[in-house]
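A.B. asks: Following the hints, complete the assembly by docking chain B onto the known chain A.
For the record, the sequence lines run as chains A and B. 1 is the number of the first residue of the first sequence in my numbering; add one for each residue after it. 1 is the number of the first residue of the second sequence in my numbering; add one for each residue after it.
In case anyone wonders, no lab produced these hints; they're calculated from the structure. Take every hint as true, because none was put in to throw you off.
Estimated spans, in silico, between C-beta atoms of each pair: (1) A:Leu281 <-> B:Gly56: 28 to 38 Å; (2) A:Gln244 <-> B:Thr5: 14 to 24 Å; (3) A:Pro268 <-> B:Arg248: 33 to 43 Å; (4) A:Ala272 <-> B:Gly179: 48 to 58 Å; (5) A:Pro205 <-> B:Ala172: 45 to 55 Å; (6) B:Ser197 <-> A:Lys91: 41 to 51 Å; (7) A:Glu280 <-> B:Arg146: 34 to 44 Å.
Reference excerpt, derived from the structure (chain B facing chain A, CB under 7 Å, subset only): (8) Ile28; (9) Ser52; (10) Leu64; (11) Ser65; (12) Gly69; (13) Pro80; (14) Gly129; (15) Glu133; (16) Phe158; (17) Arg159; (18) Ala162; (19) Leu165; (20) Arg254; (21) Val257.
Quick look at which bits of chain B chain A covers, simulated, 3 or more residues with Cβ under 8 Å: (22) 86-99; (23) 120-128; (24) 174-180.
Virtual Cβ for every residue (Gly too), placed ideally from N, Cα, C.
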Amino acid sequence: MQFLSLAEAIEEFVHDGACVALEGFTHLIPFAAGHEIIRQGRRDLHLVRMTPDIVYDQMIGMGCAEKLTFSWGGNPGVGSLHRLRDAVENKWPRPLEIDEHSHAGMAAGYCAGAARLPFGVLRGYAGADLASVNPNVRGVRCPYTGEDLATVPALNPDVTVLHAQRADRKGNVAIHGIVGAQKEAALAAAALLVTAEEIVDELPPAMNSIVFPHWTVSAAVHCPGGAYPSYAHGFYRRDNSFYQSWDAIARDRESFRAWMARHVLACPDHKAHLASLRKEL
Amino acid sequence: MSGWTRDEMMTVAAARRLWDGCVCFVGIGLPSAACNLARLTHAPEIVLIYESGTIGTRPSTLPLSIGDGELAETALCVVPLPEVFSYYLQAGRVDVGFLGAAQIDRFGNLNSTVIGPYDEPRTRLPGAGGAPEIAAHAKQTFAIMRASPRTFVPQIDFRTTAGFLEGGDARAKTGMRGGGPRAVITDFGILTPAAPSNELTLSALFPGASVEEARAAIGWELAIGAAVETLAAPTAHELSVLRALNARTHAAHRRAVELPA
Numbered sequence: 001m002q003f004l005s006l007a008e009a010i011e012e013f014v015h016d017g018a019c020v021a022l023e024g025f026t027h028l029i030p031f032a033a034g035h036e037i038i039r040q041g042r043r044d045l046h047l048v049r050m051t052p053d054i055v056y057d058q059m060i061g062m063g064c065a066e067k068l069t070f071s072w073g074g075n076p077g078v079g080s081l082h083r084l085r086d087a088v089e090n091k092w093p094r095p096l097e098i099d100e101h102s103h104a105g106m107a108a109g110y111c112a113g114a115a116r117l118p119f120g121v122l123r124g125y126a127g128a129d130l131a132s133v134n135p136n137v138r139g140v141r142c143p144y145t146g147e148d149l150a151t152v153p154a155l156n157p158d159v160t161v162l163h164a165q166r167a168d169r170k171g172n173v174a175i176h177g178i179v180g181a182q183k184e185a186a187l188a189a190a191a192l193l194v195t196a197e198e199i200v201d202e203l204p205p206a207m208n209s210i211v212f213p214h215w216t217v218s219a220a221v222h223c224p225g226g227a228y229p230s231y232a233h234g235f236y237r238r239d240n241s242f243y244q245s246w247d248a249i250a251r252d253r254e255s256f257r258a259w260m261a262r263h264v265l266a267c268p269d270h271k272a273h274l275a276s277l278r279k280e281l
Numbered sequence: 001m002s003g004w005t006r007d008e009m010m011t012v013a014a015a016r017r018l019w020d021g022c023v024c025f026v027g028i029g030l031p032s033a034a035c036n037l038a039r040l041t042h043a044p045e046i047v048l049i050y051e052s053g054t055i056g057t058r059p060s061t062l063p064l065s066i067g068d069g070e071l072a073e074t075a076l077c078v079v080p081l082p083e084v085f086s087y088y089l090q091a092g093r094v095d096v097g098f099l100g101a102a103q104i105d106r107f108g109n110l111n112s113t114v115i116g117p118y119d120e121p122r123t124r125l126p127g128a129g130g131a132p133e134i135a136a137h138a139k140q141t142f143a144i145m146r147a148s149p150r151t152f153v154p155q156i157d158f159r160t161t162a163g164f165l166e167g168g169d170a171r172a173k174t175g176m177r178g179g180g181p182r183a184v185i186t187d188f189g190i191l192t193p194a195a196p197s198n199e200l201t202l203s204a205l206f207p208g209a210s211v212e213e214a215r216a217a218i219g220w221e222l223a224i225g226a227a228v229e230t231l232a233a234p235t236a237h238e239l240s241v242l243r244a245l246n247a248r249t250h251a252a253h254r255r256a257v258e259l260p261a
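Next comes chain A alone, as it looks inside the complex (with noise of 0.2 Å):
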C-alpha cells in the first residue's frame, strides 16, 4: 500500500493495454482517474465495467479502448451514450471490441474473479440472443441435479479503479451506501487503485459495512470531488443536470473534442477540472 498523487498512480498501475475496470454502479464513479488516464495517453485498454456511463464514454470516444465488456451502455434516464455508439455503429475513433453480457452475468464473473475460480455459474440468459452472440457465454450441466446453468470466465482485470468516501493513513478503505459489484470487482482485480474523499486517522465503526483492509489496496490517492459527476455519498450529490447535458455535448464529434480539450486535457489535474466547469456556471 503506498499513497501516490494520481498521476503517479496511473502512471504506475495503468498501462497500455491492460484490463482495466473502474468500477461503481451510478455511486462513486471514479471520474477524476478517468480523466487522467485520458491526460496520459493510454492505448488499446481493454475496459471493463457493467455500467459503461459517462466517463467510458470519454474514454471510448477519446481513443483508449480496444475491447469493452459491460452490461448495460446507456446515459441512465437519458438515452444513449453517443461517443459508445459511435465506436460500435461507425468505429469512430476506432473498432471496439464489445463482450456483451447481462447484469447478472457480470456480478457472477466479478464474484468468480474475486474467489480466483475459473468461472461463474448462474440461472442466467434464458432464451435470450446474448449467448449466440457471445461465446463468452457458455453452459455446465450441474453435476449434482443435472440442471443446466449458464456459465462466464472469471473476470479477473489487471487493475480495478474505484472511488471511495474514506481511506485510514494505514490505506484501509471504506465505502458505503450504493455499493454495486465494487467489493467483487476490488478482489479480483491484481492491483486495487482507490482514489477517496478523505484521509483519516480512524475509519469510522465497520462491522458490516464494506472495507478493503489495506493489504487489498495497491496505492490510494486523495482526492476530493473525485466521482462528480456521479457522487460521493455524505460529500455530494448525484448532478442529474450535468448528466442530461452531456447527452448534447457528446452527441456531435466536434463538440465532443472541444469540450475534453477544454475541460480535460488543458487541466493538469481534478481541481483544475471542476475549476474549470465552476467557471462556467
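C.D. replies: Positioned in the frame of chain A, the structure of chain B alone reads:
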C-alpha cells in the same frame, strides 16, 4: 381537474396492476413512474427493488438513474449488486418485474440491444442490463411501452429478453422458473397473453381509444380478445398524485448541484 393525457393514463393503468404488498423489481423510466404512483396511491406497502441494490425504497421524486442517492437514503436496506440478483431475484423473491424496451413481438419477447444486425447495428441500444434475468425469475412481468408499428414488430431484431419465445409452451420447456409476461401496458390500452398460444391479445382499451386505433399501432395483425374491457379514466386523486410526483421530479433533476470544493 379536467382532462388527462394518454401518457398519464398509461402510467395509471400500469400502477393499478400492482397490488399492496407486492415485491416489484423496477426498471427506470415509465416502470419507475408507475411503481411509485402505485406506492403513493393504493399500494403503500409495495416493496420496490431497484437493481442498484436498494430494497424497499420510498423516494419522494423519481430517480433519473437507478442509483440516485435518494433511493439509498429511503430504502429499508441497500445490498451489493451480486446479492440483489442472486439472493433476491434468482432465489424467487420477486413477484413482479417491470420492464421497458425498444421493440416487442407478439409473444412478449423484448429487444433493448440493437436495431439491425448485432455485428453491424444501425442503432446500438444500451443493452440487457438486468432484464434477461428479471424476465426469467420474477413470478410475472409487466412491460410498459408506447405503441407504434416500429416498436410492436412482427420480428424483433435481437431477443434481449425472453417472453414466451415462439409461443405456446416454448417458454415452459426451457425450465425458466418465472411465469413470464402477464400484461403489456401501452398508450391505447392493455395486451395480455391468451392461452394456449400465449400471443399478446387486446384485452382492454383506454376511454376514447378504439380497436381500429389499436390495430393501426401494432406492427402485426393484432388479436382482439372476446371481451375488450374499457378501463376507468384516471381519478382526480391518481392524476393529482402523478402530476405532483412529476413536478417534484422535474424540479429535482434540474436543480444545480454545488460542485465539490
